[in-house]
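2 protein chains.
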Amino acid sequence: MARYEIFVTYKQGIFDPPGATAERALANLGYDEIESVKIGKYIRVEVADGPNERARVAEMCDKLLANPVIEEYRIVDAEGAVSAR
Amino acid sequence: MARYEIFVTYKQGIFDPPGATAERALANLGYDEIESVKIGKYIRVEVADGPNERARVAEMCDKLLANPVIEEYRIVDAEGAVSAR
Numbered sequence: 001m002a003r004y005e006i007f008v009t010y011k012q013g014i015f016d017p018p019g020a021t022a023e024r025a026l027a028n029l030g031y032d033e034i035e036s037v038k039i040g041k042y043i044r045v046e047v048a049d050g051p052n053e054r055a056r057v058a059e060m061c062d063k064l065l066a067n068p069v070i071e072e073y074r075i076v077d078a079e080g081a082v083s084a085r
Numbered sequence: 001m002a003r004y005e006i007f008v009t010y011k012q013g014i015f016d017p018p019g020a021t022a023e024r025a026l027a028n029l030g031y032d033e034i035e036s037v038k039i040g041k042y043i044r045v046e047v048a049d050g051p052n053e054r055a056r057v058a059e060m061c062d063k064l065l066a067n068p069v070i071e072e073y074r075i076v077d078a079e080g081a082v083s084a085r
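Protein sequences, first through last, are from chains A and B. Using this note's numbering, read the first sequence as starting at 1 and increasing by one per residue. Using this note's numbering, read the second sequence as starting at 1 and increasing by one per residue.
Rather than coming from a laboratory, the hints here were simulated on the basis of the structure. Just so you know, not all the hints are guaranteed correct.
Since the list gives no way to pick one copy over another, a pair counts as held whenever it fits inside one copy or between any two copies.
Stated by the list, open to error - The calculated DSSO-like cross-link candidates involving lysine-lysine, where the alpha carbons are at most 27 Å apart (straight line), are:
1) K11 <-> K38
2) K63 <-> K41
3) K63 <-> K38
4) K11 <-> K41
Chain A with its partners taken away, still in its complex shape:
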């Protein structure tokens, strides 16, 4: 069994509504030091060992876990090896 961590974030230049909302809310709570807040998804998947494991995890991101039109993602395996798109 292998574990992967996936970080899904909005692409550069794409508006991040939850981030903007949190930014305003934190400023309203008195946290004047806030300069920016970006909110994405932190996904942990466990998959059975198999061929093309990592490529298949990337495919899952393209098909379901991320929206490739507005989001990008980074996949990190248990050894820390990174692939991104």
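Since chain A is already given, all that's left is putting chain B on it; use the hints.
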């Protein structure tokens, strides 16, 4: 200016609806190797330098960015130092 990464995840034993949904959807798409999917939040904040910076970021998590009843969080600074709750 300092950057922090925050990972918000459901506490052990708390049901993770988006994760369960993705798990089923991936199985339906033919990814039989999927054993589990957990979906949390990946937050990046930038704050102006100041006293108690990290403690204030933890406070932001307790007050707004995470729900301490059902979620836990891990804060990682630019040097990789981790604090969790």
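Structure-based check of each hint:
1. In this homomeric assembly, K11 and K38 come within 27 Å of each other (Cα to Cα) both inside a single copy, at 11 Å, and across copies, at 22 Å.
2. Taking the shortest Cα distances, K63 and K41 sit within 27 Å of each other both inside one copy (15 Å) and across copies (20 Å).
3. When the C-alpha separation of K63 and K38 is checked against a cutoff of 27 Å, the pair qualifies both within a copy, at 23 Å, and between copies, at 17 Å.
4. With identical chains, the CA atoms of K11 and K41 are at most 27 Å apart both within one copy (13 Å) and between copies (16 Å).
Figure legend: structure checked against the earlier numbered hints; every hint is met.
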